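With chain A held as given, fit chain B onto it using these hints.
2 protein chains.
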Amino acid sequence: MQKRVRLIVAYDGTNYHGWQLQNNGITIESELNRCLTELLQEPIEVTGASRTDAGVHALGNVAVFDTQSRIPAEKISYALNMRLPEDIRIQKSEEIAPDWHPRYCDSRKTYEYRIYRGEFSLPTKRLYSLFTYHKPDVARMQEAAKYFVGEHDFKSFCQVGAQVKSTVRRVTEVKIYEEDADLVIRVTGEGFLYNMVRIMVGTLLEVGLGKREPWQIQEILAAKNREAAGPTAPAHGLTLIKYEFLQEKTGCLEK
Amino acid sequence: MQKRVRLIVAYDGTNYHGWQLQNNGITIESELNRCLTELLQEPIEVTGASRTDAGVHALGNVAVFDTQSRIPAEKISYALNMRLPEDIRIQKSEEIAPDWHPRYCDSRKTYEYRIYRGEFSLPTKRLYSLFTYHKPDVARMQEAAKYFVGEHDFKSFCQVGAQVKSTVRRVTEVKIYEEDADLVIRVTGEGFLYNMVRIMVGTLLEVGLGKREPWQIQEILAAKNREAAGPTAPAHGLTLIKYEFLQEKTGCLEK
Numbered sequence: 007m008q009k010r011v012r013l014i015v016a017y018d019g020t021n022y023h024g025w026q027l028q029n030n031g032i033t034i035e036s037e038l039n040r041c042l043t044e045l046l047q048e049p050i051e052v053t054g055a056s057r058t059d060a061g062v063h064a065l066g067n068v069a070v071f072d073t074q075s076r077i078p079a080e081k082i083s084y085a086l087n088m089r090l091p092e093d094i095r096i097q098k099s100e101e102i103a104p105d106w107h108p109r110y111c112d113s114r115k116t117y118e119y120r121i122y123r124g125e126f127s128l129p130t131k132r133l134y135s136l137f138t139y140h141k142p143d144v145a146r147m148q149e150a151a152k153y154f155v156g157e158h159d160f161k162s163f164c165q166v167g168a169q170v171k172s173t174v175r176r177v178t179e180v181k182i183y184e185e186d187a188d189l190v191i192r193v194t195g196e197g198f199l200y201n202m203v204r205i206m207v208g209t210l211l212e213v214g215l216g217k218r219e220p221w222q223i224q225e226i227l228a229a230k231n232r233e234a235a236g237p238t239a240p241a242h243g244l245t246l247i248k249y250e251f252l253q254e255k256t257g258c259l260e261k
Numbered sequence: 007m008q009k010r011v012r013l014i015v016a017y018d019g020t021n022y023h024g025w026q027l028q029n030n031g032i033t034i035e036s037e038l039n040r041c042l043t044e045l046l047q048e049p050i051e052v053t054g055a056s057r058t059d060a061g062v063h064a065l066g067n068v069a070v071f072d073t074q075s076r077i078p079a080e081k082i083s084y085a086l087n088m089r090l091p092e093d094i095r096i097q098k099s100e101e102i103a104p105d106w107h108p109r110y111c112d113s114r115k116t117y118e119y120r121i122y123r124g125e126f127s128l129p130t131k132r133l134y135s136l137f138t139y140h141k142p143d144v145a146r147m148q149e150a151a152k153y154f155v156g157e158h159d160f161k162s163f164c165q166v167g168a169q170v171k172s173t174v175r176r177v178t179e180v181k182i183y184e185e186d187a188d189l190v191i192r193v194t195g196e197g198f199l200y201n202m203v204r205i206m207v208g209t210l211l212e213v214g215l216g217k218r219e220p221w222q223i224q225e226i227l228a229a230k231n232r233e234a235a236g237p238t239a240p241a242h243g244l245t246l247i248k249y250e251f252l253q254e255k256t257g258c259l260e261k
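From first to last, the protein sequence lines stand for chains A and B.
Final position of the first sequence in our numbering is 261; the numbers increase by one with none missing.
Final position of the second sequence in our numbering is 261; the numbers increase by one with none missing.
Just so you know, these hints were derived from the structure itself, not from any lab.
Incorrect hints may appear among the rest.
Unchecked claim - Simulated restraints on C-beta separations: (1) P240(B) x A145(A): 41 to 49 Å; (2) A85(A) x L27(B): 41 to 49 Å; (3) V170(A) x Y183(B): 39 to 47 Å; (4) Q165(A) x A145(B): 47 to 55 Å; (5) I32(A) x E92(B): 16 to 24 Å; (6) R176(A) x E92(B): 37 to 45 Å; (7) L252(B) x E184(A): 30 to 38 Å; (8) G31(B) x K152(A): 50 to 58 Å; (9) H140(A) x Q165(B): 40 to 48 Å; (10) Q28(B) x R176(A): 51 to 59 Å; (11) A85(A) x A145(B): 32 to 40 Å; (12) E185(B) x D159(A): 36 to 44 Å; (13) Y84(B) x Q165(A): 33 to 41 Å.
Quantities reported herein were computed from a predicted structural model and do not represent experimental measurements.
Virtual Cβ for every residue (Gly too), placed ideally from N, Cα, C.
Same shape as in the complex, but just chain A (with noise of 0.2 Å):
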């Protein structure tokens, strides 16, 4: 009897070529198939929520795969976590309905940029923050993000190349935020575009470091350009830290 089943997946991204297979370079998606396919003694290729790029890292990322094994499908978390490298580890495998697809669920997933202000950088916190020297206006900021709720057209935010049928999406919450010298900034959205969270970060920097005012993201958004927003910052500052699905344990069609 074949069936679904879903993973919660956690990983550094330090050391991986991203999520998605490559024909060089080992990838959290390489990784689950060779050992899932280890594991249970079939060839298996599992289906990614969020396609994450070098360097991004995840507490909550999904993917799917089916099986015909008889292993319990919450069983397989702690087989698969025996195998798999320990910057990877699975929070949770469960089985779900045999249509149910991570990309073509109504989701909503949040994402966290943490950013360390200070004289210097600290070593421990040097894989999962980007270290700044500048202080950047938190309010100035704060009032900058307001703009980016809603549903907009977010091509301005859109790696150029990216190939997407539309570039609107809906950002659901920013929230801005001190925690002792780390700036953490949570984006909450029910899609994004490739690079979206990382080209809104480094512009809502560019704000807080006094080189745009707050509502000239208005403008940015309605430039429709890439090249009117600020730059991309760096990866390993950003983890993919939770989905939400609205149809959570039911089917969902390809749209």
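Just chain B now, kept in the frame of chain A:
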């Protein structure tokens, strides 16, 4: 004109054989000596405050050295950080009295031990905290921790074979608190024996898991025998947070 320079040193201990010079393996001390010697064009040997073990991290270890260099002491941090590997970062450099010695000055230091309690380990926390799927009882640990505060003979909490004149030490505070899924143990004291904090943590965890009673810490201290205490907790959960020196700038004589 010779001057003495004090460094505040932060590092990720993951890739080092501890602080102290060794015949085999790179250490924090060997990297500081190598980079300072290159930078200042004279042979430099630093003296460290705390010789942390392999795998232990630091936000604020302390080192001093003497130099003939005309580079202002407070600029050395910038120049040295350009040469050091990215997992070692000087947080501050400053001139200090010529007879100031980090191990002969009265000081208070604070260590933090971090435990991540989850069903599975979290890759982005794996280098800086101990993972456990157990759920130790925090209140029991807090009760046990009180017995450590004050001046005691900590012989039971010292690795066998450590060469010290006295095993009496003063612990001024032990704070145990929860931070989301992390359990944090902060120990402040005027001096620590070899592996003392790690053995305290290993013993506190046994109390938290019901293997020992809180009041038995008294018995363990009274035994003055390493075998009476619990296991040595792994190095990677431990970070040396800070030093406070009572004679901050003036000299302090060898005792």
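Here is how each hint holds up against the structure:
Hint check: P240(B) to A145(A), Cβ distance near 42 Å, so the stated range 41 to 49 Å holds. Roughly 44 Å separates the CB atoms of A85(A) and L27(B), a value that falls within the hinted 41 to 49 Å. Between V170(A) and Y183(B) the beta carbon distance is about 46 Å. The supplied range of 39 to 47 Å therefore holds. For Q165(A) and A145(B), the hinted distance range of 47 to 55 Å is satisfied, since their beta carbons lie about 51 Å from each other.
Checked against the hint of 16 to 24 Å, the pair I32(A) and E92(B) passes, with Cβ atoms roughly 22 Å apart. Restraint check, R176(A) to E92(B): a C-beta distance of roughly 38 Å satisfies the suggested window 37 to 45 Å. Checked against the hint of 30 to 38 Å, the C-beta distance between L252(B) and E184(A) comes to roughly 32 Å, which is consistent with it. At about 52 Å, the CB distance of G31(B) to K152(A) agrees with the hint of 50 to 58 Å.
The hinted window of 40 to 48 Å between H140(A) and Q165(B) holds, with their beta carbons roughly 44 Å apart. Distance hint check: the CB atoms of Q28(B) and R176(A) are about 56 Å apart, consistent with the given range 51 to 59 Å. Taking the beta carbon of each, A85(A) and A145(B) are about 35 Å apart, inside 32 to 40 Å as hinted. Checked against the hint of 36 to 44 Å, the C-beta distance between E185(B) and D159(A) comes to roughly 40 Å, which is consistent with it.
Taking 33 to 41 Å as the suggested C-beta distance range, the pair Y84(B) and Q165(A) conforms, at roughly 34 Å.
The structure is consistent with each of the numbered hints, conforming to all of them.
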